[in-house]
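S.K.: Residue numbers (full-length UniProt numbering), protein chains in the order written: chain A, 1 to 645; chain B, 1 to 172; chain C, 1 to 349; chain D, 1 to 366; chain E, 1 to 150; chain F, 1 to 167; chain G, 1 to 105.
Derived by calculation from the structure, the hints in this document are not laboratory data.
Any given hint could be a false lead.
Restricting the straight-line Cα-Cα distance to at most 27 Å, the calculated cross-link-like pairs of lysine-lysine (BS3-like) are [what the hints assert, rightly or not]:
(1) E:45 <-> D:232
(2) D:285 <-> D:270
(3) D:171 <-> F:17
(4) F:10 <-> D:201
Here are a few chain F residues that sit away from chain D, every Cβ distance over 12 Å (derived from the structure) [said to hold, decoys possible]:
(5) 29
(6) 49
(7) 74
(8) 154
For every residue, glycine included, the Cβ atom is placed at its ideal position computed from N, Cα and C.
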Amino acid sequence: MVDFALTHAWLVPLLPALAFVIIVFLTRPWPKLSGAVSIAAMFSSFVLASSVAYGVFTNPGFIERPLIYSLRWFGMEGFTVDVGVMLDPTSAMMLFMVSMVATLIQIYSTGYMHGDPQYSVFFSYLSLFAASMLGLVISSNLLQMFILWELVGLCSFLLIGFYTFKISAREAAKKAFITTRIGDFGMLLGLLFLQIIFGTLDLAGLAERVPHYEQYGISLGLLTLIAILVFIGPIGKSGQFPLHVWLPDAMEGPTPVSALIHAATMVVAGVYLVGRTLFLFSEVPGAAEVIAFIGAFTAIFAATIAITQREIKRILAYSTVSQLGYMMLALGVGSLSAGMFHLWTHAFFKALMFLGAGSVLHALHDKADVWEMGGLIKKMPITGWTFVIGGLAIAGIPPFAGFWSKDEILVVTLEYARQGHALGYLLFFLASFTALLTAFYMWRMIFLTFFGKEKPENHPHESPLSMTFPLLVLAALAAVGGLIGTPWANVWGKWIHFGHPHHGEPNYGLMFFSVALAVAGIGLAYRLYYQDEEKKLAKQLAERYQPLYKLSYHKYYIDELYQWFTRQVVDASAAVFYWFDIHVVDNIVNGLAGATKLSGQGLRYFHTGRIQTYALVFFLALLVITVVLAFGSPTLAGSMGGVHS
Amino acid sequence: MDNVYSLLAFVLLAGMILGSALLVVTLRNLVHSVLWLIVMFIGVAGTFLLLNADFVAAVQVLVYAGAVCIMLVFGVMLVQRPNMEHSNPINWRFKLAAPLVGGLFIVIGLLTAKSQLVVSGQEVPAQTVQALAPILLNDFVIPFEVAAILLTVALTGALLLVKEVKANGNGS
Amino acid sequence: MENLFVSMAAGIRSLLGSGGLSEWATDFLVMFLKLGAILVYILVSALWLVYMERKVSAYMQCRIGPNRVGPMGLLQTTADIGKLISKEFIIPKDADKKLFLLGPILIFMPPLAVFAVAPFGKGMVAIDMNIGVYYFLALASLSTVIIWMAGWASNNKYSLIGSMRVVAQMVSYEMPLILSIVGVIILTGTLNMSDIIHAQENVWFIFLQPLGFLIYLIAAVAETNRAPFDLVEGESEIICGPFTEYSGMGFAMFFLAEYANVVLVSVMATTLFLGGWLAPFGLTFIPSWIWFLLKVYLMIFLFMWFRWTYPRVRVDQLMEFGWKVLVPLSIANIFVTGIGKYLYHSLGW
Amino acid sequence: MTLKTEEFLLNLGPQHPSTHGVFRILLTLDGETVVKAVPIPGYLHRGIEKLAESRTYTQVIPYTDRLDYLAGMLMNWGYVHAVEKLMNVEVPERAEYIRVIVGELARIASHLVATGAYAADVGGLTGFIYTFRDREDIMDLFEMISGARLTPSYMRVGGVADDIPDGFIDKCRQFLDYFPTALDEYNGLITGNEIFQARTKNVAIISAEKAIEMSLSGPVLRASGVNYDLRKARPYSVYDRFDFEVPVGSKGDCFDRYYLRLLEMEQSAKIIRHALDQLPEGPIKGKVPKVIKPTAGEAYAEIESSKGIMGTYVVSDGSTNPYRVHFRRPSFVNLGYLDEMLKGWKIADAIAILGSIDIVLGEVDA
Amino acid sequence: MNPKPLEEIIEELKTRYPGIEVAESGSGSITVTVDQLVAFMREIKEKYHFNYLTNVTGVDYRDYFEVVYNVSIVEQPHMLHIKTRLDRHNPVVPSMVPIWGGAIWQEREVYDLLGITFEGHPDLRRILLDDQWEGHPLRKDYQWEGGRES
Amino acid sequence: MQVKGKGLLKGLGITLKRFFKPKVTVQYPEQRLPLPDRFYGKPEFYYDKCIACNMCVNACPNKVIKLETEAVDKKKVVTRYDFDQQYCLFCGLCQEACPKDAIKFSKDFELTQYNRPDIKIKFVKPEQVEQRKEEIRKAAAEKAAAEAAKAAQEAALKPETADKEGT
Amino acid sequence: MGTALNPSYFMVLSAALFAIGLYGALSRKNAIAVLISIEIMLTAVNINLVAINKFLTPEAFIGQIFAIFVITVAAAEVGLGLAIIIAIYRNRHTVDLDDFNWMKW
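Assemble the whole structure, with the sequences as input and the hints as a guide.
M.R.: Here it is in structure tokens:
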């Protein structure tokens, strides 16, 4: 089985793709069947992926030498593209994680989307998404990865705009698509540079060649530029500042989509890409610093927005942005293991929280404002307690998963600072402050939603088993998923690392510090939103710091800024180009066309429209030419006559 | 011995092919033309068998005699049901066309006669299908796929064409 | 018993050889005899099948069927043929006379030609052709044109409608027919019928290819123009379709050719799906050719059973069913078969 | 060479296996689709109405047999009903019961033919044989009671020709006991068959309004959802004494028309059972003079025959022969809508539609 | 739909159409003049909901023709027996097809057998007899030759 | 969605069940079904019973019966009773009308003939007529003789009878 | 050469068939007849391909492969060609190629 799985890892993305095809072409009229097909494909994918993961993790050889097999897709002089599968612990981990979360979320969706007229379509999209994401994860080639990256973007577009009747959903879908396109464009440029300079886009090949960039005749500056360009892609996809704006809006999609795409899988694609191309970034310290700073800034920036938001999914969205910044920070400071570890744990607890939020929304009939909720834990015990586990995990309370990964990041950041990098301590400070804020806003939400007084106008009920089952599984994982990366027995770091397996000693001080931060955050939230039944203090604070509150509540007016920019700058330049097009380009074209038309008018009378006449003339000419060639000139005749094989 | 028989077979088949082909292009009744065309295709399939290409022969019969001709028959029926007697007239060009094709045949014949082909002398392997399959599905997989897509597209297009115009025709 | 026919052929061969004939001429003669024997078999079985059909239909309809001519009415068909021969062969005034006459003559050609490659028993195959299955498909498609020709030449409107139906129906159902066989071909990797039979020694392909068999069965019913797909003749709608104007022996030829075709598709079904002449449960003491015939007649009974149970489908339903159900299903079947075979090989189960 | 399209005309009939007699439909086809249909009846016209003018009142009865020869009893009944109305004759109760019994038997027989022939029309011959097998039993009953199988001429003005013979009731009950199993068989073989359903469902839907407007009657009307059965709507004879239901279709397609007949057969069997149970003793003929000579006048009477409303219009001038007899034949009137029904369907559907109306050409052409 | 008893309806009609004759014996028999016919029929269809035309036929009374219509209501047991008299030499009557489509074949039959012309009938052709047939057999003065009985 | 093909299988089941069930065929010429008493088969005419009342002729709707009589000695003798069977409706009205049961229908239903004239049944044979006439004449003669005898007797009793007639 | 089959034979046969097809394509008025003639020409080419395959490169099978492709393309061509003819016929009620001249000027 394991051997089969290893040699057939390509089946992992193929099965959901197949499910997509089957649903679209065959089973669309039968929603139940479509769902079953989708889940069956996903589950078999998951089984395969688990086997792959097992195979990879039981074979230490794969760490150093990834299992790569590939197929020539197309090739021409000096340019060949292979498509293939690359299996190393990182991709195996991602395969496992993505397929599992996707399976759980599809199961969840059977309950969540029950009765939707577009049920089959939804599952087909989910399948397609899973296929693209899994394909992305195991890509051995940056071009292949890019294509699937785009496909993932497409699916995201389709799923965000799934409720096509909602204008906001359509707008959000467009926004997400366009914003990520901006990032993708930069990334495409970067990839083109890589291809031109290094002559390959194979990850393995690039990893070999990039360190010796001098041999390829480029300077460090150019390499930095390339790295930044490549990084623009992840900025877009992983919602880093300043291209984060699409992610909160993307919550217009159905909740399982938010959970799957905007928490666990797609948004981490950027992180994954950075992780995969870390050989590039590690080569250029400038770029790495940029990543680290953008990550840290995004983390704190999103966290400050999150503390004032009211909609449950929006809070989670900003939290996601913030956590993604965390991962970027880890990668920026050069630790693949920390980044990936946080990715891993984050996937579980964030998916859990999103699904929990979905469950809440489902129960409250899409009422999203946390201020209108309260006391839900009594009516929805499973949802509530799993959500609390998620909250503990994200806040960083040991032994839940988030603690270990967050701790790891803090450790590596501190190390980075200690290594003497300028502003390294700033990064550390930002990270720690973010941790405080994270605990605060998360628990603010939890207290507001699940505790406190029940609101009489709500009639919540626990969700069906198909929805609570994934919650339970994810909660379990969020609770224990981090234990494979504890500082004492860091299995994780042994497997997933860049460069040398590196692991610091357990830093108890730091651990205590981070726990203290988390407890402080939770405590603050407790004080403000649980103890204080009327929430007077919170309101007072908001009154007192009105400008700050507004700034945060309106997300620092980034959207408005973009809009202004578009209106003023882009439209103006468009007007200029329009004038040029109308008066210069068109005249040239029209002039050419006029000349052609005149000559055509003269020549058209040779055209009788009778095809047989044409053929007759053609063959007459052919005959004449053949005769002349074959018998007219002796030299040609000789060469024609001798048809030697 | 064998050569004599194969030569005999060749002569017979060639006579069958050329005779029926001539009938196809000269008969006045289009349906008869199509039916003679089938005879010609079967003759060609026989030639293929003579050339040890049994798979191609079967394809020839299946596709040409079985499908193409039926399609033609259908087309004939759709465009002109009544009075098939003189459904296939000759236009004024035949006076020019006859010497032209005669000339073409003579030229090609002369060129063929002049050319010296190097006969390899090897025999075609008997297991044609087993030999053809890997070539078709490995070396020629792209053309194979392209041909498949072409067929699909062509037939879909044909369907669309016929349907579309029918709707228009009803409307006008 | 087992080697009855094989040893007969060998005996004739040695007889001819000892008669001083060259090897080539002996081959030729033996081949000729084999084909002649098959011809006789087809004609006799067509006759017998007419009787069988009448009996089966009668029994299903609470009747007893022919019982006057000969014991149990066994000579009924013979009498019918005698009657039809003695009847006038009417050629309508405006018919295309040559084609009209040619129709009944040619209609027997495709099935006869195909039977040359059918394996009737162990070692009992006239020509063991390398592309046997493909040859069957290629030649089977020819009868469409012949029926069409007969209908068109009749210059009768019912015949014309029938002819159009023949073309539409048989072309449409050739697709699923071919595609349903592909599954078997994938499993065996050969087009040779003997090889296909040998490949079923462990398990018949009806068990490995149940869907393929079902599709083949339906498409075969349609290919032979029998109920519920007998639109071509559809006597309650278009009298007798392309054969409306035929009388006497001309009609009898079409009538018998239908049965020859039924035998043909049954032989193919037996070969491709039912293990050919292989004996089930190790009952090898019964000769292989008897097994073969048993299976063939079982298939034929199935065809008759369908015919006397089902109403006729409508022409657009027929086309829809063919293109929208059978073709996708058969493609899916190919797909599943391919994946199955791949899995089977790569997992080493 | 410019060719113009010619309409493809197809003469369906007068000799055609599926026109249920000699009936001709001139179809204009586009491919297999009917563009225009012109029904042309009259090939079986015998001038029964004209003949009746030169016959005595009693002598007309055998001619009525030949109208709907599949339900001759009902045709007899329709005629004698009108004459009785003209003469104001009281029919004895026993005679009425006997009439109901044979009438409903005739309805079953007629519907059996319709069902079987319909199965044959859509290509399943076995169903046809099955229904004819069971129809034989009814024919035997008719033979017992009237001496003839198809054309009983059993009814007389004022009663019936003969009393019920010995053994008839037992045999009738025997048939009624057996009949449900036969119905199950038809349902299994014909009704439940997916091909049959595909062929008939949603074919030639007649709306209720259209059905009423076009004066359709019988199963054709009721299949469209109009509950109009004279046995219930204007109960004649003793029909008000029986407990039965009028099956009504929901859609008005060919399948409904077909299936309705099966349901009606069930109800008819129920009525017969009741009638046999209630059958009173008494005379079988009312007080009718030997020579029937009604006073001048007219009468129009309707009964529900197996095909629909069978109306008879009798005008008397006081002589022994009727001055004018007119039969309102249900099949004839039902056929008036045929051209509209056929439009846009395939040839095969045309057969199915014609079969679903269930015409008898003897009746259509009179 | 219209719960009025038949007698009442007839009374009402009598007052509205003075020209009509009503037979006494409750048979619902009404004689209408030809020129009033269409208006009368329309009224009974639209006002009294006589939606079902059962029967159309004609009688030749040697001096005049009579066309007979039987009209009833599907939902109720009412039936009207409406007659109209036509000139013997020029028998023309408005067609009922626009009011009840079911008249289409019955009127053709009456035309065929009695020679009464229905004005406004969409397709007035012979229906039972051959197109070339001469005369109208159900007329009392119809003469024919041949046949077994003459 | 109901399971497609269920009805198809059921149909197959029914035909297969029928395949093994007993058949209903009657092997006609050898085997015959019993006919009921009222069956209208070949008409039969009892010459002796007929009183030539013409009721059957008048009752027949299709004018199938041709009855000719000859007055022999004031008595009607049926000289011709032709039954043109090809036009017979087998309605039984003649049988019903006959007061003497002279015309009846038998159970013989095989009425086909090879020649068209044979279909017409001429019931009355000349010898029968002759015999009848003879009988009548004989009877008449007897009667005449008897009457003569009676007359002779009466003559003897004349006055009484004359009286009676007178009243 | 003797009695042995020679590729030239097949080439001459092919040339003759091609010429016949060309004659048909040029001289028939009926569009379907022209289509048929084109089929003849394609078949002529196939004979050549298979003959060359047999005599020159028997091991490579390229000729046969090409013949199969030609047949495939021919089938597509016939389908499309017929569809076009039928479409034109439905609009213009003619199949005479000389009437198909509205693509001039």
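S.K.: Would you mind marking each hint as holding or not holding in the structure?
M.R.: For each hint, the structure was consulted:
no. : hint            : result
1   : E:45 <-> D:232  : holds (22 Å)
2   : D:285 <-> D:270 : holds (25 Å)
3   : D:171 <-> F:17  : holds (26 Å)
4   : F:10 <-> D:201  : holds (19 Å)
5   : 29              : holds (18 Å)
6   : 49              : holds (20 Å)
7   : 74              : holds (26 Å)
8   : 154             : holds (38 Å)
Going through the hint list in order, the structure satisfies each hint without exception.
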